[in-house]
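Trainee: If you read the sequences in order, they're chains A and B.
Sequential numbering of the first sequence, starting at 1, is according to our numbering.
Sequential numbering of the second sequence, starting at 1, is according to our numbering.
Note that these hints are calculated values from the structure, not bench results.
Backbone N, C-alpha and C define an ideal beta-carbon position, used for all residues, glycine too.
Please note: incorrect hints may appear among the correct ones.
As the list claims (entries may be wrong) - Here are a few chain B residues that sit away from chain A, every Cβ distance over 12 Å (derived from the structure):
| # | residue |
| --- | --- |
| 1 | P57 |
| 2 | V121 |
| 3 | E186 |
| 4 | I214 |
| 5 | Q229 |
| 6 | I339 |
| 7 | G342 |
What the hints assert, rightly or not - Here's a subset of chain B near chain A, in silico, CB distances under 8 Å, partners left out:
| # | residue |
| --- | --- |
| 8 | G109 |
| 9 | H140 |
| 10 | I144 |
| 11 | E151 |
| 12 | L158 |
| 13 | V279 |
| 14 | E318 |
| 15 | A325 |
| 16 | P335 |
Unchecked claim - Footprint (simulated), chain A over chain B, 3 or more residues, beta carbon under 8 Å:
| # | segment |
| --- | --- |
| 17 | 280-294 |
| 18 | 326-332 |
Residues per chain, in single letters:
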Amino acid sequence: MTTEIVIQTIVSGLLMGAIYALVASGLTLIFGLMEIVNFAHGEFLMIAMYTAFWSYVLVGLDPLFSLPFVMLVLFALGAATYYGIIRNILHASVLVQITATFGLAVFLRSLAQFLWTPDFRSIEDPIVEGRIAIADVFLGLPQIVASVGCILAFAALYWFVNRTETGLALQATAQDKEAASLMGIHTDRMYALGWGVGSACVGVAGCLIANYYYIFPEVGLTFALLAFVAVAMGGFGSLVGALLAGILIGLVEALGGLFAPVPAYKYVIIFLLYLGIVLVRPLGMFGRY
Amino acid sequence: MTATEVKTGRFGCGVESEALERARAEPLYPPWTRAQWITAAVVAASVLLYPAVFTQPYMRHIMVMVFIYGLMAQGWNVLAGYCGQISLGHAFFFGIGAYSAAYLFTHHGITPWAGMGVGVVFSVIAAALIGFPTFRLRGHYFAIATLVIGETAHIVFLNWETVGAATGLWIPVERDAPLRDMQFHESKAPNYYIGLAFLTLATAIVYKLERSKIGFYLRAVREDPEAAQSLGVDVTRCKMIAIMISAALTSVAGTLYAQYTLIIDPETVLPLLLSILVVLMTMLGGLGTLWGPIIGAAVLVPLSEATRVWVGGTGGAEDLMIYGALITIIAVCYPSGLIGLGRRLLEGRR
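Same shape as in the complex, but just chain B (with noise of 0.2 Å):
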């Protein structure tokens, strides 16, 4: 390269336009292989196909499990993988979903789809109040807090009689408008498919946000926060932005989790067990990565299945150790979870 060359750059920089002419022959998103299109395809074809092959309950109920997890993941997911944020309390968000539809529904005859926007509206005011001054915690400290916010909002609906305290709430069975009262007794195969595309849905926010200008934001975050605001990043905005956007996801698979079973009491949409269970499940599949929650909600719903199934049932637990010795290996030799291993994987045989 010629001192002439360098000078003609676009920004009259020469490492800066060299940046951009790399940038532009190796960009950070290539299209995709023809490979990763028929992978993509067959992938799509077989998850559509799925309820007409297995049409036992119990096979479409994993799938249902796994898609309304997948979901809760991947709201966790954007506050915690892209922005670094790390939240222990994410069932509050699930429970304000659930709570809100069955509520509705239950009380003064709302249709869940009205409950489940108007829990995405409180979950997302819940999400600026909690973030609002929390945010100014670091690390450690901010994850104790947003465990501490979980915690008070389950021992708050435990005995708050309005919403049925430990008892819940028993959503009533309708049969006259399936789709109107987003409750299906005939088959699974609605459930299924209602969680396919919010599950869907929701993965597509993901990919347009990770591209946009504000998850680069996110993610210089993350990565430095000091850094970041010296670059003129907002970094609370952005916070903000994250955890809104991740409690409203939350909320919405929090509705879809009541109108599948039906019944919710603060023991199952509110427990410091589930604001852990899509930590887990994050960090098995890729944290901070597009597919990694789907991935981790897919392995792990039919893993704790499959171990139930198998050796559980005894009331001795071998279950539940099989499942905790498991979560504790792969985050011990797979920090990087199943895609940072598929990866290496392909790496290794390039």
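Bound-form chain A, shown alone (with noise of 0.2 Å):
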């Protein structure tokens, strides 16, 4: 095994560990402001793929220019989810609440299947394909793109909670919900926006890896699981926490597959992590609360 192999993993790991960063973070800044795990978020980002599949399709727009189509579509689907379903069982127990939403999942695949078949599909010819050699490490460029896009989703989900007044407000809102109320913030609003930029955020990575990344309806399942697992490392609630966890996990699930006797001991190992990582620090890296 030569030292360009490794780096070469460990290069492909942390850009895939940027896109699972993303997809923690939609479900981590959902759980920070109202203290509910969203079973779904796999499928939504199943449902950004195959928006962004479509829009190619029928359209003929490539997954760099649909990108706001998919945002405003997730935005949108993760609004009506809080309407329609979440409002109503604000204050119900966490069981109801992971019930509700499993059931959202198993729906939403199930719909999925139902209209699109369960075929795998891809984007033929998108405008960005091919590859680029830095000394001796071979990058995809669609993977390139992906995660620098992620990235910089992110920065601006980071520059939105803390620096904008709307952001602000999402923060008292996860704080005190009576106290933000009093103080003239329309805490329903909040929490249905909440819901739309967190399922925006899979909506970004959903359209930029679906360049590159086979579609069909339970694609969401394993980049769900990841993202349970990146949220409670990075603890429930925390963005960095979610980017640190995120980034952690697709370096060690590269490293993993690339060391492990069998390949698939790779998510043993990333479980048995953040296993260790939670008996030390019971909240997770960065846990709050």
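Two chains, two frames, some hints: make the complex.
Mentor: Have a look at this one:
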């Protein structure tokens, strides 16, 4: 095994990690706002990928250009989920919330299979394709674009949450709903906004990976599972935690696939790493409460 | 009430004696009314006579699955419903029960009844090993940790050659001693009665647990761990007892499943979907109630069969679509489950 292969693996892992980080950020944003884990998050990603795919096939819009549209669709999906389902179970028990979002996940997955069959699809001829070589390390261009796009989206999300007035209102709602509404913040609308923005994050990730990833109804499962782990590892509600944990998971996944005796054990390594971290820090790396 | 009466209370404290008297007048678990006895007798009789009336294998098959899933849900309910610890990895214990019996019979010819015992021992040990570190985690952190442990087991079994890896275990067909080998090829009636017997046993165990001191401790831990601890309840010990009972019951369900289908692989006995399925069943019936898991299984298993038979089979997953939508609707509209709904209807009538 040469050094090039290891470096190649590390870089690929980092690229994948950026995508996990953005998917996890959406999840953790919603959780930080109202302590609800969206078990349909992976299915949202799947919907984003299909939206990008159909925009390409039907309208001829490359994923690079359909990105705003996909974000909008996912924002609407998130907000609709909030108004249709989540608003009714805000004060219900954790199990009710798990059940409701899990039912939504099953529904969306089956709907995709019903409408678009379980076939694997891919975008045939996107604008971004091919690979580049830096020294002896080869990198797929779509992967680079997707990861850079995800990092930019994360930066935008971070700026939005911490630097804009709406973002601060979002944080105020997360901290104390009653006090926030006394300050004139429309908390209900903030919750819907949180769901919209959190879902738009998977919209960006889904649209950009549609460039090179296979698209099928169950594509969200692995992403969602790793996003749950990333969110718990980083600390529920922490954006920075989700970023670091996402990148760490991408890295461990790539290296684990290279070194583990059975490639599938890369997930076992990630899970053990996660268990190790929460045993030392029960609230994850950056858990707030 | 006069001042002297207050002082003559059993503990010399008026409030407490009043509470005691009220408790004696209105016990938490009142004896059954005549209507309840009649209902119980009718249910018991119809369940016992079911195989005599429905002789088609398919109708019996549905009930066998209701018993097996009901047993698993009953086990999950002990940990999540009574003790408040949400496990999303219970398929692990189900898998241990299924694999222990199937492996010992396939490779060593040991009777599945012994295999069931071995499975229970293994899953109780596994429960202790899982509980010891993870019970420090709260709420969602515990749920995700158990989900991750379940998925880890899934991946390990998928790649573990000794237990057949992804192919799983095919239990050899034996016809000499059906009862000893726990496999019945003539009829599904024995499976039916074995499933019924174990579900009844599990329900009896949970019934005793619910009314015992430890049962009250578990619910105290669920409602408020800090308050329970401050009153002298050993919170970790309570959670440990709950997860061990829970794992043992789930493991027995796994063994019954393996001996019923005679073929197991990681995709059928260890998937995340199975862990979630028991959650849905218990939620649907009524979380933290004795009959909730059974009612949930009795509704959900035929429902999924019905949607599969009526609208499924086209490859379009319409059955799962209806199933998913129903789950969401039930969770949003009837969060206390069918038992809660029934109680509300009864109270409304009164």
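Trainee: Which hint numbers doesn't this structure obey?
Mentor: Going through the list in order, the structure violates hint 8 alone and respects the others.
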